[in-house]
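Student: What follows is each chain in one-letter form.
There are 2 protein chains.
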Amino acid sequence: MNGANQPIGVFDSGIGGLTVVKALMTNLPRESIVYFGDTARVPYGTKSKSTIVKFSLENVEFLLRFGVKCIVVACNTSSSWALPTLRKFFKVPIIGVIRPGATAAVRLTRNKRIGVVGTRATVNSRAYDAAIMRLDPSVKVFSQCCPLFVPLVEEGWTEGDICREVVATYLKPLQKQRIDTLILGCTHYPLLARTIRRVVGPSVSLVDSGEQTAGDVRGVLAGNELLTNGKKNPKHRFFVTDEPAHFHKVGDRFLGKLAGSVERAHPYL
Amino acid sequence: MNGANQPIGVFDSGIGGLTVVKALMTNLPRESIVYFGDTARVPYGTKSKSTIVKFSLENVEFLLRFGVKCIVVACNTSSSWALPTLRKFFKVPIIGVIRPGATAAVRLTRNKRIGVVGTRATVNSRAYDAAIMRLDPSVKVFSQCCPLFVPLVEEGWTEGDICREVVATYLKPLQKQRIDTLILGCTHYPLLARTIRRVVGPSVSLVDSGEQTAGDVRGVLAGNELLTNGKKNPKHRFFVTDEPAHFHKVGDRFLGKLAGSVERAHPYL
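In the order they appear, the protein sequences are chains B and H. Numbering (numbering that gives the first Met the number 0) for the first sequence: 0 to 268. Numbering (numbering that gives the first Met the number 0) for the second sequence: 0 to 268.
Since the hints were derived computationally from the structure, they do not count as laboratory data. Keep in mind that a hint or two might mislead.
Where chains are identical, the list cannot tell them apart; a pair therefore holds if satisfied intra-copy or between any two copies.
[Said to hold, decoys possible] Result set (DSSO-like, lysine-lysine): computed pairs, CA atoms no more than 30 Å apart in a straight line:
(1) K231 to K90
(2) K139 to K90
(3) K48 to K256
(4) K87 to K175
(5) K171 to K248
(6) K248 to K111
(7) K111 to K231
The structure displayed is predicted, hence computed values, not measured ones.
I would like the entire structure built from these sequences, with the hints used as guidance.
Tutor: Put into structure tokens, the structure is as follows:
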């Protein structure tokens, strides 16, 4: 079991993790994916560590039912707080989005001043700070939580005056610190990239942690001889804890057309 | 059991229901209250009917452990979608916030054009429309969901340019319909009342459904001879599903100082 032709498991607090799925589909097009989105309990980023860890444990247990060969924690908040506990409890390789994002940012920065935006939980965890410190202790990290970014994206207000003002308000303290690299530490934030770009100007590099993670997944699978050798087309399955209808509608905005079935799951009942 | 000296049970998706508790404490100062806030799964207003009903059933079951003599559904979203199911399953009197808000609005309107703002779920349920129709079929109701209002309140941005622009954007269609009364159909929205007032001007009456509900509770208790005759000071208990610390901090903003213990609950485990 957990052989090379088993699927990759991906979980997220909701829909945003589909940006990670998209990167996986592009970079590892032969791999099958089982996605789990906890849309009934979303968001995680406003909640406490103990709740985030508990929900994350339940999500991994659900994915393991499908014999997944590895688990990708697409959610920055879960990656920030739950990764050590998940790795302690489960033997399957578990890949988060923090280290990939941190690695890309450390590679890109020239003045060694990196900004991080994320949910309140992600920023409070200081997970990006720790990951960057481990890679290059001379880098300075400046963090800012942006609780209105996710609601803005979900409302579809990703451009226009209100969006620009909210983005400018949150990013001002980071700009004052003269960051030259900004980690988008939440799956929803890449959908604000155009407005963020307009606010910070062309000189700041933007890092999409989710996009960077596909490389880590490839590395982990290759290192464990777990890359698929299947000749058949990959099969994807999507599970959500709230009704699938809404997932379809918003999912299309993240992923283009969803290439797989969407089912309802009750992992914690 | 469920005698006159038992406590009143109140539940909400999170913290906002404390505005209803405040109104109860003012209007029924001898009554003890058991409050349940589902802070680990908040918000409900972005979720589907089946999830809202399921969570609401679990919340009532939790409160019944305390022998409550009635249940107040402080959450507009739960009141909108779950009330009929709750009343079918439980014998204890259950009071929602929709009818009290609708009654007050019908009493206040002069031009019979009432606006309703609420979460997406509340607006989609058309519960306020139905309640108003039952009271006065000649009234026209215009609804608008305002998904950014709750995040704005939780971020503390209840005044200033961004808040005013968001409020103006959402309320514009209602103003075009020449409403003279506006129901604030979500427990968080009264915290935006000052900005809403500035946007709509002095001629529009604002109705806080939660505040109106205390009158209904008194009526139901009196009608069932369930008003307390206890001579002792009331005792309040607060339960939340996420960590209590955050509840304390934000709770103080809603209620002044919390007059009771806050404990963590796991009703659905």
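Student: None of the hints should be skipped; say for each whether it holds.
Tutor: Hint-by-hint comparison with the structure:
With identical chains, the CA atoms of K231 and K90 are at most 30 Å apart within one copy only, with a shortest distance of 27 Å there and 57 Å across copies. Taking identical chains as interchangeable, the C-alpha atoms of K139 and K90 are never at most 30 Å apart, the minima being 34 Å within one chain and 60 Å between chains. Within a single copy, K48 and K256 get their C-alpha atoms only as close as 34 Å, which misses the 30 Å cut-off; across copies the closest is 25 Å, which meets it. In this assembly of identical chains, the alpha carbons of K87 and K175 never lie at most 30 Å apart, being 40 Å within a copy and 58 Å across copies at closest.
For the homomeric pair K171 and K248, the shortest alpha-carbon distance between copies (26 Å) is at most 30 Å, but the shortest distance inside one copy (33 Å) is not. When the C-alpha separation of K248 and K111 is checked against a cutoff of 30 Å, the pair qualifies neither within a copy, at 40 Å, nor between copies, at 36 Å. Taking the shortest alpha-carbon separations for K111 and K231, neither the intra-copy value of 45 Å nor the inter-copy value of 64 Å comes in at or below 30 Å.
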